[in-house]
Amino acid sequence: MPLNWVLVLTTFLFCVGVYGVLARRNAVIVLMSIEIMLNAVNLNLIAFNGALEGDRLIGQVFALFVIAIAAAELGVGLAIVLLIYRNSFTVSLDEVNLLKW
Amino acid sequence: MQGLIFLVVAATSGFAAVRLVTNKNLVHAALYLVVTLMGMAIIFLLLTAEFVAWVQVLIYVGAVIVLLLFGLMLTRAQIGKTALDRQQRWVAGPVALVLFGVTAPVLWRFFDGRTISLDRQSGNTEALGTEIFTKFVLPFEVVSVLLLAALVGAVFLAKKD
Amino acid sequence: MDVNFEALLPELLLTLVACGVMTIDLFLPKEKRGLAFPLAFIGVLATLAAVLNLYGQNLTTLDGMFVVDRFAVIFKIIFCVAALLVFAVSQAYLNDDKDVPHGEYYTMMLFSLLGMLTIASSRDLIAIFVALEMISLPAFILAGIRKYDIRSNEAALKFFLFGVLSTALMLFGMSLFYGLTGATNLADISAGLAGRTDIDEVALLAILFLIVGFGFKVSAFPFQWWVPDTYEGAPIPVAAFLSVASKTAGFVGLFQVMFLGLGELADMWRPMFAVIGIVTMTFGNLVAIQQKQIVRLLAYSSIAQAGYMLVPLGVASATDGALNTQIIFSVVAYLLVYAFMETGAFAAATAFGRKTGKYLIEDYAGLFGRSPALAVAMAAFLFSLAGIPPFAGWWAKFVIFKTLIEGDGLVLAVIMALNTVIAMFFYLAVVKKMFVDKSEDTAAIAMPRSLAGAIGIAAIVITVGGFLPNLFGQLAENANFF
Numbered sequence: 381m382p383l384n385w386v387l388v389l390t391t392f393l394f395c396v397g398v399y400g401v402l403a404r405r406n407a408v409i410v411l412m413s414i415e416i417m418l419n420a421v422n423l424n425l426i427a428f429n430g431a432l433e434g435d436r437l438i439g440q441v442f443a444l445f446v447i448a449i450a451a452a453e454l455g456v457g458l459a460i461v462l463l464i465y466r467n468s469f470t471v472s473l474d475e476v477n478l479l480k481w
Numbered sequence: 194m195q196g197l198i199f200l201v202v203a204a205t206s207g208f209a210a211v212r213l214v215t216n217k218n219l220v221h222a223a224l225y226l227v228v229t230l231m232g233m234a235i236i237f238l239l240l241t242a243e244f245v246a247w248v249q250v251l252i253y254v255g256a257v258i259v260l261l262l263f264g265l266m267l268t269r270a271q272i273g274k275t276a277l278d279r280q281q282r283w284v285a286g287p288v289a290l291v292l293f294g295v296t297a298p299v300l301w302r303f304f305d306g307r308t309i310s311l312d313r314q315s316g317n318t319e320a321l322g323t324e325i326f327t328k329f330v331l332p333f334e335v336v337s338v339l340l341l342a343a344l345v346g347a348v349f350l351a352k353k354d
Numbered sequence: 009m010d011v012n013f014e015a016l017l018p019e020l021l022l023t024l025v026a027c028g029v030m031t032i033d034l035f036l037p038k039e040k041r042g043l044a045f046p047l048a049f050i051g052v053l054a055t056l057a058a059v060l061n062l063y064g065q066n067l068t069t070l071d072g073m074f075v076v077d078r079f080a081v082i083f084k085i086i087f088c089v090a091a092l093l094v095f096a097v098s099q100a101y102l103n104d105d106k107d108v109p110h111g112e113y114y115t116m117m118l119f120s121l122l123g124m125l126t127i128a129s130s131r132d133l134i135a136i137f138v139a140l141e142m143i144s145l146p147a148f149i150l151a152g153i154r155k156y157d158i159r160s161n162e163a164a165l166k167f168f169l170f171g172v173l174s175t176a177l178m179l180f181g182m183s184l185f186y187g188l189t190g191a192t193n194l195a196d197i198s199a200g201l202a203g204r205t206d207i208d209e210v211a212l213l214a215i216l217f218l219i220v221g222f223g224f225k226v227s228a229f230p231f232q233w234w235v236p237d238t239y240e241g242a243p244i245p246v247a248a249f250l251s252v253a254s255k256t257a258g259f260v261g262l263f264q265v266m267f268l269g270l271g272e273l274a275d276m277w278r279p280m281f282a283v284i285g286i287v288t289m290t291f292g293n294l295v296a297i298q299q300k301q302i303v304r305l306l307a308y309s310s311i312a313q314a315g316y317m318l319v320p321l322g323v324a325s326a327t328d329g330a331l332n333t334q335i336i337f338s339v340v341a342y343l344l345v346y347a348f349m350e351t352g353a354f355a356a357a358t359a360f361g362r363k364t365g366k367y368l369i370e371d372y373a374g375l376f377g378r379s380p381a382l383a384v385a386m387a388a389f390l391f392s393l394a395g396i397p398p399f400a401g402w403w404a405k406f407v408i409f410k411t412l413i414e415g416d417g418l419v420l421a422v423i424m425a426l427n428t429v430i431a432m433f434f435y436l437a438v439v440k441k442m443f444v445d446k447s448e449d450t451a452a453i454a455m456p457r458s459l460a461g462a463i464g465i466a467a468i469v470i471t472v473g474g475f476l477p478n479l480f481g482q483l484a485e486n487a488n489f490f
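If you're matching them up, the sequences are chains Z, H and P in order. For the working numbering, count along the first sequence from 1 and bump the result up by 380. For the working numbering, count along the second sequence from 1 and bump the result up by 193. For the working numbering, count along the third sequence from 1 and bump the result up by 8.
Note that these hints are calculated values from the structure, not bench results. Heads up, some of the hints might be wrong.
Unchecked claim - Taking lysine to aspartate or glutamate pairs in the EDC-like style, the calculated list, with each CA pair at most 16 Å apart, reads:
(1) P:K155 x H:D354
(2) P:K363 x P:D416
(3) P:K106 x P:E39
(4) H:K353 x P:D157
(5) P:K363 x P:D71
(6) H:K353 x P:D107
(7) P:K106 x H:D354
(8) H:K352 x P:D107
(9) P:K38 x H:E319
Bear in mind the structure is a predicted one, so any value in this text is a computation, not a measurement.
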C-alpha cells in the first residue's frame, strides 16, 4: 500500500481536528477534536513504522504511549470541564471569559 | 485489495470526522467519533499493527467514548440542536485549509513511491512487549506515574465535597 | 539491558516521596494537614542530595535513553532549588487559603518536578514527550486547584486547551522526524539526518510543528496567550512554579531536540528562533507597560524574559561547536539567575497580597515606608529582571549580548538592547511607586518565616551573584553537551 495515501488521510484528519479545536464552542467537542488529532499522529507513526526497513517497532511503541497519555489528558480535561460547569453552569467557551487583557 | 479496503475505510473516517466538527447535535458528534476511531482501528489492522488496533478499540472506543458521553451528560448537553460555532469559524476554516494545503502536498511528494509492507510475521505482540519492557522501560515507568497523578488529580478536581 | 540505579536514584527517590506525601496525607487528621509541607520539603532536599551525588559523573543507562551528564545535573539542581523556593512561598499562601488542600497541592508539584528531573536526562523523543506530559498534567491540576474560584477554573481550562493543542502539534512534528530517520533516539536522528539534502521541505515543516509544542511551554509568541490568564487565575505560587520551573523544563527539551537531534538543520531553525525571540520579547514588553495588576505585569514580563532566552538560538550554527557551547552557556546562566529573581518577585507579590489582599500596582505605593525590607527586596528583583547593575540580572543579560555579538547577531543584540530600555519603564514604575509615592496605610507587612526566608535567600543570591558573577558562571559552564 502506498505510504503517501495514508499520509494524506493523516494530514486530513489532523486538519479537521485543528478546525474543531479553533471553531467549536462546546468544550467537550473541542476535546473530541483533540482526540482526532492524536489519532492522526498515531496513524502517522504506524504507517511510518510499516514503511521503514528493519524489524524495529518503535512507531508502534510510540503510538501506544500516545494512546495512554491521550487517555490521561482526556481524564484531566473532562475534570476541568466538569468543574467549570459546576461553578458557572456553562461549557460554552464564549461565556468563559472573565479574565481580560 | 488492501488498497481498496483502505480507501473505503479512509473515506468513511474522514467523512465522520468532518461531520463531527460541523454538526449541531452533540451526542451525534460523539457517535461520529466512534466511527472515526473504529475506522482508525481497522486501518491499524490493515497495516499489521494488531496489538495497537486492539488497544485502540479497548481504550479509545471503549473508555474514551464512554468518558466523553458521561461528560456530555453531566454538563447537560442539549440533545437537540444547539448554536453551532464561535465567531472564529471564519478564521479556523482557512487556517485548517492552509495547513492541509501546505502539509499534504509536501508529504505526498516526499514519500512518493514508498510502500508499507503488509507481510509481517506473526508474534507482533510479543515483539512489541519485548521492545517496551527492555528499550522503552523508562517512558513506561514515567507513564505509570503520570497515570497515577492524572487519576488522583482528576478525581480531586471532579469530586463534590 | 543495563540499569544503572545510581543514575536513576534522584527520580526513584522523588517518586517515593511524591507517593509518600500523597498516601500519608490520606491518613492525616484535618488539623495536621500542614504536615505535607515539611515532608515535601525534606523529600526534595533528599532528592537534591542524590542529584549532587551525581555531579561530575557521566552515566548512560537504559540503552541511551537516560543520560546523566553535566548538562542534566545542572538542570536538576535548578529544578530542585526552584521547587524548594516555591514550596516555601506556598506554605504561607496555603495557610491563608483554606480552600486549597495541602496534600494534593504538594503531591502535584512533586509529580511535576519528577517530570522535570526526567526531561533533563532524556535523550529520546518518546522519553521527552512523556516527560513533558508528566510536567504538564499536574500543572493543569494545580492551575485549577482552587475549585470554587471561577477565575481559577478558567485559568485551568485555557492552560489545558492550549497545552493539549500544542502537544498534538508537537507530536505531529515528532512523527515526521521518526518517518524521516526511522529513530526516536536523538543521537540516531542526528545520524539519520546527516548529509541528506533532499529533505528540506519536510524537515522545515516538521521543525515548525515541533517549535509549536515547545513554544507553548516556554511562552514564546504566538503561543503565549495562556500565560497572563493562567498566572492571574491560579494561586500565585503556582504561577511562580510555572514561570520558573516549567519554562526551564521547556528550554531543556528545546535544547536537547534542537542541538542533539536537529543540530544538522541549524541553518533551518536558526532564523525561526531569531524571529520568535524578537517578537516574543517585544510583545511581552509592550503589553507589560499597560498592566495595572502586579501578577499580570509579572506574567508579561516573564514572556519577555523568555524572548531574551530564545534569541541566542537565533545565532546557532550547524558546525561551530564552540559557538553552540557559548549559546547554551548563556541561556543556562540566564536561567540560573532567572530562577531566583522571578521566584523572588512572585514571592514578594505573594507576601504583599496575602496581608493586604491587594494586587494592583497602585497599592504598592509607599511600601518603603511600611516594610522597607520587602520594598528593597522587591526592588532588587525588579532591577535584576530589568538588567540593571549591580544585580545578577545585569550580568546574565550581558552574557547573552556577548553571545549574540560573537555569533554575528548584531541586529538581534540591538533589538534586545532596545527592549531592555523599554522594559525599564514598567519595572522602574513599580519601584518608583514603592519608594517615592506615599500611602495612607502605614501598617507593616508581616509574613511567616518560610516566606521571608525565601524572599531573603533569593535577594541575597542575586545580589551576591551580581558582585561575584563567577559563581553563576562556573555552574553554567558545566552545562554543555559538547
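Now the hints, each set against the structure:
1. As the CA atoms of P:K155 and H:D354 are separated by approximately 10 Å, the hinted pair is consistent with the 16 Å bound.
2. A threshold of 16 Å between alpha carbons decides the hint, and for P:K363 with P:D416 the separation of about 49 Å lies outside it, so the pair is violated.
3. With a C-alpha separation of about 12 Å, the suggested pairing of P:K106 with P:E39 holds against the 16 Å cut-off.
4. Our distance criterion of 16 Å between C-alpha atoms is met by H:K353 and P:D157, whose separation comes to about 14 Å.
5. Using a Cα cut-off of 16 Å, the hinted pair P:K363 and P:D71 is violated, with the two alpha carbons roughly 53 Å apart.
6. Restraint check for H:K353 and P:D107: satisfied, since their Cα atoms lie roughly 13 Å apart, inside the 16 Å limit.
7. Between the alpha carbons of P:K106 and H:D354 the distance comes to roughly 14 Å, so the proposed pair stays at or under 16 Å and holds.
8. For the given pair, H:K352 sits about 14 Å from P:D107 by alpha-carbon distance, which is consistent with the 16 Å threshold.
9. Among the hinted pairs, P:K38 with H:E319 is inconsistent with the structure: their alpha-carbon atoms are about 49 Å apart, more than 16 Å.
Of the numbered hints given earlier, the model fails hints 2, 5, 9; all others are met.
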